[in-house]
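Please dock the two separately framed chains into a single complex, following the hints provided.
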Amino acid sequence: MRRLLLLLALLATPVFAVQPDEILDDPALEARARDLSQGLRCLVCRNENIDESNAGLARDLRLLVRERLVAGDSDAEVIAYLVDRYGEYVLLQPTASGENLILWIAGPAMLVIALGTAAVYLRRRKPVAEAAPDPLSEAEKKRLKEILDK
Amino acid sequence: MLRAMIVELGHFTLILALMLAAVQVVIPLVGAHKDWRGWMALAGPAATAQFLCIAISFAALTWAFVTSDFSLRLVVENSHTLKPMLYKVSGVWGNHEGSMLLWVLILAGFGATAAWFGGGLPERLKARVLSVQAMIGLAFLAFILFTSNPFLRLAEPPFDGQDLNPLLQDPGLAFHPPFLYLGYVGLSMAFSFAVAALIEGRVDAAWARWVRPWTLAAWMFLTIGIALGSWWAYYELGWGGFWFWDPVENASFMPWLIAAALLHSAIVVEKRETLKAWTILLAILAFGFSLIGTFIVRSGIITSVHAFANDPERGIFILAILAVFIGGALTLYAARAGAMEAKGVFAMVSRESALVLNNVLLAVAAFVVFVGTLWPLIAELAFDRKLSVGAPFFNQAFTPFMIVLAILLPLGAIMPWKRARLERSMRPLYPALILALALGALAFAVQTERTALAPVGVALGVWLIAGAAAELWQRAGHQVARLGRLPRADWGKAAAHSGLGIVFIGIACLMAWDVEDIRVAKVGESFAVGGFDIALDRVEKVEGPNYLSTMATMIVSREGRQVAVLHPEKRVYPVAAMPTTEAAISNGVWRDIYLVIGDEQADGGWAVRTYIKPFANWIWGGAILMALGGILSLSDRRYRVAAGARKARGALAAPAE
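Here the protein sequences line up with chains H and E, keeping their order. Those letters in the first sequence? Residues 0 to 149, per numbering that gives the first Met the number 0, in order. Those letters in the second sequence? Residues 0 to 656, per numbering that gives the first Met the number 0, in order.
Keep in mind the hints are simulated off the structure, nothing from the lab. Do not rely on the hints blindly, as some may be mistaken.
[As the list claims (entries may be wrong)] Partner residues aside, some chain E positions facing chain H, computed with beta carbon under 10 Å: (1) N148; (2) L151; (3) V355; (4) G389; (5) A390; (6) A396; (7) A511; (8) V514; (9) I517; (10) K521.
[Unchecked claim] Below, a sample of chain E positions facing chain H; criterion: calculated Cβ distance under 8 Å: (11) V370; (12) W374; (13) K385.
Only a predicted model underlies this, so the values are computations on that prediction, with no experimental measurement involved. Idealized CB from N, CA, C, for every residue including glycine.
Same shape as in the complex, but just chain E (with noise of 0.2 Å):
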């Protein structure tokens, strides 16, 4: 009976939410309009009310999960006793109605903590983003009860759920998709940001201040969360790659490219009140990615043009709400953006010129990966052709981006705002330069293959490192005890770039030195890859909690000394009926080795799989390096002073009252 109660509960909040959005869009919007404080006031207690709903049906569908309670067919559909209870747990998320509940538990989230901290923010401007931010949150929560309803019962409850893909049992995947909704959706305030300062028809450096940290955590999100599923691929899918260029990982990869450029100019805007129409335009761009990535995963249009036409009606639902969202926001933007005046003036040679490059890099660069992830369909729908974009037209088509942004970004960083002269800007980079070429030559002396990959990789990994040192030097006029004082958000940026630099090199080298073996091996035989000696120990059957498994010991040393003793396995989980492999792999800063067990083959061997990744942790060590980044400037003192300022306010006005 309770526990009947607890689901009817979040599904009757759930409804609850959606009221309380259509209020917090509405009167807020009508009370900034008609400068009724009372009206605009309400915003607040109405994204607390709207979140706090969101969050109790959340909670809610997350106990059906836990207790199996199978009269719910999503539970059904996506869980079973004899799952582990963190995967009970991640099971919410990890299916469609339950992914667009945590979607906008988010969405609500963001907008409440707009309300609980935003006392600093002018109150007009307050009530409107709220107001926008509602809208979403409007369309999303019609979107889940009208489509994607995830409290629907069965009229008959069977005793056991189907799911257990196993593929989908593992930490990495189960903190992908919240650690990625929260980089889509948080890009949902830097949206409502933007269209209410068109409503309001104004953009200044304060404005850029409040957009600035949404953009910069939910860019911070997003980074994590996209090296979380890369790393996933990397250890799971048992061959060791880590990116795909699937539409799935461009759809937020486009996102990030798109806030990396907005993160980017909103400081132009901040530091220098210019470049505030590019920066709006930017926001409603980086949102519109968002929404496009959650069409493209959800419609699933991309993997199949008919399973979209067979079953349309999410997939329109959310093309609506593109549409709607996008277009008005465009549109309004057509109407408005001629009102925002730039104020300061810069020469060709300047920070901010740096800064258009860049955001012109990336933007184009998230171009190409939009062109070439619905290229497939528009071929497909307006010519009748049936083709395939993959890897090797992005390797191409993007890459070069990349690199001209690499090797502009340690000037662009260290030059001055309103006028540099390029001689002078270059004078602190020429050691990272050396350095950079030195080690770019050194890769290309010591590889036996002669590709420019890894030497061009590394050689521009350096510069951007040394780069960012160099920029960190001059910044503490050359003295060490100054380096410790420097404002955080000096650190934040030479903690992300340095950061991107890792990601190169390990990129690069990986790409360019990776190891294959391929073989049939016999239990006590031993052979040699790369300059280890990997020996097959035994080869036994095991079973584990859900699965059954064939688990091979395997030795690797070198030159007699041992390095590793590794497991992979081969594991069926009999409920779902599917085959995986686990690799094992030995981390090393250097090199991972990573082997795979396959099947026994006929005359008693074993297929063995072995590779050494060369630099494989620098590419999520640069990841997280760079959420780092994202971390450090989030906490730099201005923010700190803004909000300490805001509190003395408030406590000054207290008892003038």
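Bound conformation, chain H alone (with noise of 0.2 Å):
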């Protein structure tokens, strides 16, 4: 059992994101912390924001976004400083800028494509109207008529 007690000692690493003691005292400023960590990855992690994240690394994240904040930074000025040093990998949401105007631009660009290749396929078919029965013909004009008379 000691032996147990022992491994368990061993192997415990934090298996939490943002940890009790990382937590600033003023509700407003860790609100801000909270919401930036959102939109910043991991570095090391798979696709996780440092908010999730159970890395160590997320952990120094949180504590220089949260130093950054008490030192009297904008948010702005908090994430220029990460990209500053991390690059824009760091980046959940890609900024909108250059190239990445593709990105941002594909999705509504495919829109309106698909929506005027659709009007167009649309305005270029029969009206219904057109496809209405064919109008009677003379033999079957008088037998009409014959049938309303009766």
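What follows is the structure, given as structure tokens:
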């Protein structure tokens, strides 16, 4: 049993994201820190933000974000600070600048193209009115008249 | 000796399956072209034999895992004698090689099913469908045998296996891949039918009636698979996230979106004999996205370009399969799609147009997910920018399409075919609209934070649910007695659409009203979170079958009444040397209480996380309802009548011969 406990102690790495000791006393600042954290990537993880990640690096970044906020940085300044050090890889939301514009515009552009194509396709079709049954022939008209006059 | 034989037999039948697939590709295709009935008729038995061979092979691999045959490299790397039996079995597909074997097993299974139940199919179409299905099988069997052979032996078998990844030892995850694969691979049937129709140069209502059940089944399995994965993430990862826009998740979400579009456009082909070329294109794209998904997951290219560059063999092989099948199908499409003549005519405002809009929105939404998933790769290769595309992008770029879709859905669904009048179609929906706006306003009133997310989500969800109800009510001619006599397809449609509404409500409320509390609590201490009092009663060390656990006992009460006693755990699996959190969740219709225990602090307290997750179960409940809608539709009388007619014809045909 003692061996097992020792093992437990050795393996007990933090399995938490945000730790209680990280939380700032000022709730407004803490809320900003949480918001910012959710948009920042844990660089060593797979597609995880630092707010959710258990990695040691994520904790360092969370502390760094809080440090900057306490020092009086604005949200934009904190982000600029991190991008400066870690590159734009740290941003989970890619900037809408340069080549990234393609990424942001791709969806709306595709929608316009698709709607345009669909509209052209629908317009080019014969309207329903034209597809109405052929007008009655003379013989049919005569027969109809017979029935109605009966 | 016998054990060795079984594994070798599995290896042998896998090679045999490859040969059979090759035969099944060539003979029926030539037969269909030359109109040789005997050659066409070979497709059925070949499909059956191919399926049996792969089934034996799969059974042999399962046997190796169950008996822990450590002479197989795969078993050593992915199993352990201490694993519970369930996870020994699920270990078969919990790795690359085994999962690809499951992939081809399901593929051959679908082919065999088409052969067994395809009696009503025109002979020539059936031969071509099975031939195309075998082409896919041939490609993937070759992939397995040449790059990912599960039956490789080790010269010196070790005494025990290496893997016991505790995160994967979970029932949610054990059954997540088979369902996803049933979905992915089920779309191969739609693809085979599409390619066969292109070769044939003919698409009609009967074709659509054949394709729709396969697509419906595939979509249903994808729905269940995605929901299982999301549910697993919710309770296992320790903070209650349910969707991460991870490339691997997106890989399953894109085919789901396209399959949903295909389902709807196939209805138009079946009922109105129009939108044929578009439906064929969707069928090709749906399976194309399945292959892209397989490529993304199996090559690991998105997670690391460098890992891919170091070991590109498998990735390139799948990429080649993707290029040949999708490139080939699209070339064939370009050559032949013009021949698909539309018959039905319809006005600008009609059910047909509404379904075109549905298709546009779903397809563009899938395109957004596609671009977002691949963008980091494109940016790195083309512009030398290393960047991330994460949840914030998808939430902004994807959600608008779903909102528009939800706004239009009830109206489009209730419109008549051919020609509709907006104000007339709207009339039965006014009560639903008023209810939706009222409940949306209520959601706005009760929330403390002023976010638009919850009110909009609730209003849209209620609009979908009430709209589906209004449609049923209208179809039943406003008589309760006639509700029960409506075709099952109508009920299926209503169930699937209201399931979507429930998912909307669940996601919006959970994201908007989630309450979180992180603190250090001492044993015996109690604290209040979101109207609940939570007491940390005790923390003890517990020994599990293959793990050690730190287990807390926490008592949740509300206004002095005990609500639940929960046991969040922190486990360590010694063999894998990996800690996991086991959150304790008190499930409820309106909220989940989600507790996580963390590390012991220096002052003797414990780090404790508490979440109140409102409406969380609505997400998976809605997904189940959507899948149920699929089952209801599948069991509709029309399909059963078609099957019955086939039997009757067969019975009559026998004595006549």
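Here's how the hints hold up against the structure:
Taking 10 Å as the C-beta contact cut-off toward chain H, the hint placing E:N148 at the interface is violated, the least distance being around 27 Å. Against a cut-off of 10 Å between C-beta atoms, the interface hint on E:L151 is violated, since the closest Cβ of chain H lies about 28 Å away. Hint status for E:V355: holds, given a least beta-carbon distance of 5 Å to chain H, under 10 Å. Evaluation of the E:G389 hint against chain H yields a held restraint, the C-beta minimum of about 3 Å falling below 10 Å.
Because the smallest distance between the Cβ of E:A390 and any Cβ of chain H comes to about 6 Å, under 10 Å, the interface hint for this residue holds. Annotation: interface hint on E:A396 holds; nearest CB of chain H at approximately 5 Å, less than 10 Å. A distance limit of 10 Å between C-beta atoms decides the matter here; for E:A511 the minimum to chain H is near 14 Å, and the interface restraint is violated. Hint status for E:V514 relative to chain H: violated, with the closest Cβ pair at about 13 Å, above 10 Å.
Among the interface hints, the one on E:I517 holds; its C-beta lies about 5 Å from the nearest C-beta in chain H, closer than the 10 Å criterion. Hint on E:K521 is violated. Least Cβ distance to chain H is approximately 12 Å, over the 10 Å limit. Checking E:V370 against chain H: minimum C-beta separation of about 5 Å stays under 8 Å; hint holds. Annotation: interface hint on E:W374 holds; nearest CB of chain H at approximately 5 Å, less than 8 Å.
Evaluation of the E:K385 hint against chain H yields a held restraint, the C-beta minimum of about 5 Å falling below 8 Å.
Checked against the numbered hints above, the structure violates hints 1, 2, 7, 8 and 10; every other hint is satisfied.
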